[in-house]
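Protein chains in written order, with the numbering used here: chain A, 1 to 263; chain B, 1 to 84.
Simulated from the structure, these hints should not be mistaken for lab results.
Source: prediction; values computed, not measured.
Ideal Cβ placement from N, Cα and C applies to all residues, glycine included.
Any given hint could be a false lead.
What the hints assert, rightly or not - Sample of chain A residues with no beta-carbon within 12 Å of chain B, all distances over it, derived:
no.	residue
1	Glu28
2	Ala101
3	Cys112
4	Glu148
5	Ser150
6	Ala222
7	Arg229
Said to hold, decoys possible - Some chain B residues near chain A, calculated using beta-carbon distances under 10 Å:
no.	residue
8	Glu12
9	Asp15
10	Gly47
11	Gln63
12	Leu66
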Amino acid sequence: MKCGVVVFPGSNCDHDVYHVWKHVLQQEATFLWHQDETVKDCELVVLPGGFAYGDYLRAGALAALSPVMAAVKRHAAAGGLVLGVCNGFQVLLEAGLLPGAMRRNASQRFVCADVWLRVERDDLPFTRGLSAGQLLRMPVAHAEGNYEDSPQHLDVLEAANLVAFRYTSPAGDLDPAWNPNGAARAIAGICNPEGNVLGLMPHPERCAEEILGSTDGLAIFAGALDSLRTARAPRPERREWAGPEAEADANADLEAKAQVASR
Amino acid sequence: MIARVTVYPRREILDPQGKAIRDALARVGFADVEEVRAGKSFEIRLGVEDRELALRQLREMCQKLLANLVVEDYAVEILNGERQ
Numbered sequence: 001m002k003c004g005v006v007v008f009p010g011s012n013c014d015h016d017v018y019h020v021w022k023h024v025l026q027q028e029a030t031f032l033w034h035q036d037e038t039v040k041d042c043e044l045v046v047l048p049g050g051f052a053y054g055d056y057l058r059a060g061a062l063a064a065l066s067p068v069m070a071a072v073k074r075h076a077a078a079g080g081l082v083l084g085v086c087n088g089f090q091v092l093l094e095a096g097l098l099p100g101a102m103r104r105n106a107s108q109r110f111v112c113a114d115v116w117l118r119v120e121r122d123d124l125p126f127t128r129g130l131s132a133g134q135l136l137r138m139p140v141a142h143a144e145g146n147y148e149d150s151p152q153h154l155d156v157l158e159a160a161n162l163v164a165f166r167y168t169s170p171a172g173d174l175d176p177a178w179n180p181n182g183a184a185r186a187i188a189g190i191c192n193p194e195g196n197v198l199g200l201m202p203h204p205e206r207c208a209e210e211i212l213g214s215t216d217g218l219a220i221f222a223g224a225l226d227s228l229r230t231a232r233a234p235r236p237e238r239r240e241w242a243g244p245e246a247e248a249d250a251n252a253d254l255e256a257k258a259q260v261a262s263r
Numbered sequence: 001m002i003a004r005v006t007v008y009p010r011r012e013i014l015d016p017q018g019k020a021i022r023d024a025l026a027r028v029g030f031a032d033v034e035e036v037r038a039g040k041s042f043e044i045r046l047g048v049e050d051r052e053l054a055l056r057q058l059r060e061m062c063q064k065l066l067a068n069l070v071v072e073d074y075a076v077e078i079l080n081g082e083r084q
């Protein structure tokens, strides 16, 4: 399964993501330049952390208008997987692929720390290896992770169940003291209604190997890989019930197809 | 003509930067400052003669790029052709 890691001028977590996909998960990975007009044959596109275009104007604002983002939008609209981490999340917001906006951290400081995250959605392609309510430990490193939207829009977001991760205490409780940036409703990550686009401020690629002290982030990439593999496997076609004999034939046919596909 | 575009945090949204500046102003003796909202200002030279057309273009620039309407408001003004 092929992952494309977008490189904007100023991206700095691109190689970390590439490393996780290529060397930890042993999959094909490539870099996509911000001037590229397609995402090539990549099945997963990751917008990495960093300071795309120097964060000029607003974090993610100029990157959102780059040629590659038009291709990423097409990929997302066709149901392709898109993951935005930290600055990549900010780009997704500015590009309108996810709702809301980021403001400076309430503390006015760059925050670099390990935080606790509570998994809110375990049914997304990226989170299928996790359980709702499960706690993850992940690093954050940002100055603008203070998620904001109007109260009405936040209510819509909640009603549509688009919050994927929240900042919590080590016990899993919502607590302003454990919210590193002042994000509205402790939102750390959100998805689109279809679930194929996910953005989060914490860095799963920085905690995907034992040597880094934690593998809590690996599940996000492994989940994407697993769902891509499942999507590729043949699915039974809808058909009318034609009796037990026909059913047995159809099953044998499907098994044969599955064997061909798995070779 | 020369135009000025000002972008600032929406009123109903807490502006941590503005609050920090207000507190600092109070520390250097300006106790009467009740609120500061910190934003950005853009001076834009436009090759357009028609004032209405210029204003329309400037508003569109704000909506498409210069402001993020989720958290920011904007104002546009024409500076009578002179830098101020």
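Is the Cβ of A:Cys112 farther than 12 Å from every Cβ of chain B?
-> holds (18 Å)
Can we trust that A:Glu28 is non-interface, i.e. its beta-carbon lies farther than 12 Å from all of chain B?
-> holds (35 Å)
How about B:Glu12: closest beta carbon in chain A under 10 Å, or not?
-> holds (8 Å)
Regarding the assertion that A:Arg229 does not contact chain B, is the least Cβ-Cβ distance greater than 12 Å?
-> holds (36 Å)
Would A:Ala222 pass as off the interface with chain B, using Cβ distances and a cut of 12 Å?
-> About 33 Å separates A:Ala222 from the closest Cβ of chain B, which puts it past 12 Å; holds.
Minimum Cβ distance from A:Ala101 to chain B greater than 12 Å, as the annotation requires | violated (4 Å)
Under the criterion of a CB-CB separation shorter than 10 Å, is B:Leu66 in contact with chain A as hinted?
-> Constraint on B:Leu66 satisfied, holds at 7 Å.
Closest CB of chain B to the CB of A:Ser150 still more than 12 Å away | Check fails; 7 Å does not lie beyond 12 Å.
Does the CB of B:Gly47 sit less than 10 Å away from some CB of chain A?
-> Since chain A brings no Cβ nearer than about 22 Å to B:Gly47, farther than 10 Å, the hint is violated.
With 10 Å as the cut and Cβ atoms as the points, is B:Asp15 at the interface with chain A?
-> Holds: closest Cβ of chain A sits about 8 Å from B:Asp15, inside 10 Å.
Exclusion check [A:Glu148 not at the chain B interface, CB over 12 Å] = A:Glu148 is in fact no farther than 12 Å from some Cβ atom of chain B, at 5 Å.
Any CB of chain A closer than 10 Å to the CB of B:Gln63?
-> violated (12 Å)
Checked against the numbered hints listed earlier, the structure breaks hints 2, 4, 5, 10, 11; every other hint is satisfied.
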